[in-house]
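Undergrad: Residue numbers (UniProt numbering): 1 to 104.
Where hints are given, some of them may not hold.
Computed beta-carbon distance windows for the label pairs [said to hold, decoys possible]: (1) R89 <-> L38: 10 to 20 Å; (2) Y49 <-> A104: 34 to 44 Å; (3) R100 <-> A30: 37 to 47 Å; (4) G59 <-> L87: 16 to 26 Å; (5) E66 <-> Q88: 30 to 40 Å; (6) D68 <-> G97: 41 to 51 Å.
Don't read these hints as lab results, they were simulated from the structure.
Each residue gets a CB set at the ideal place from its N, CA and C atoms; glycine is no exception.
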Amino acid sequence: MAGLADLGRFSEPALHILISLAPGPKHGYAMQDDIAELTGGRPGPGTLYGAIRRLEEHGYIEALPEQDRRKPYRLTDAGRAALNAELQRIRSLAATGLRRLAAA
């Protein structure tokens, strides 16, 4: 698995969604609130549901039965692995960047 790069312009929103779902299932509106808290910016419905669709197509998340007309989603094992791979990639990039910055 190569992480989220194959999601193109949806890779950053996808990362935010996976992080939001890491502790447990959420519906779209709850994900928007959580992402706004994490990033300081609330994704619009088009961005959110476009990324959700792509994450479902890749098998990274799955929909659960509706609850009170809301459709919750949860991470799959593949989604948890993709999130871990992406966060490890970002950690490595950040460490390299910080070393280079300190050396300047």
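Undergrad: Run every hint past the structure and note whether it holds.
TA: Here is how each hint holds up against the structure:
no.	hint	in the structure
1	R89 <-> L38: 10 to 20 Å	holds, 18 Å
2	Y49 <-> A104: 34 to 44 Å	holds, 42 Å
3	R100 <-> A30: 37 to 47 Å	holds, 38 Å
4	G59 <-> L87: 16 to 26 Å	holds, 19 Å
5	E66 <-> Q88: 30 to 40 Å	holds, 34 Å
6	D68 <-> G97: 41 to 51 Å	holds, 44 Å
In terms of the numbered hints stated before, the structure departs from none.
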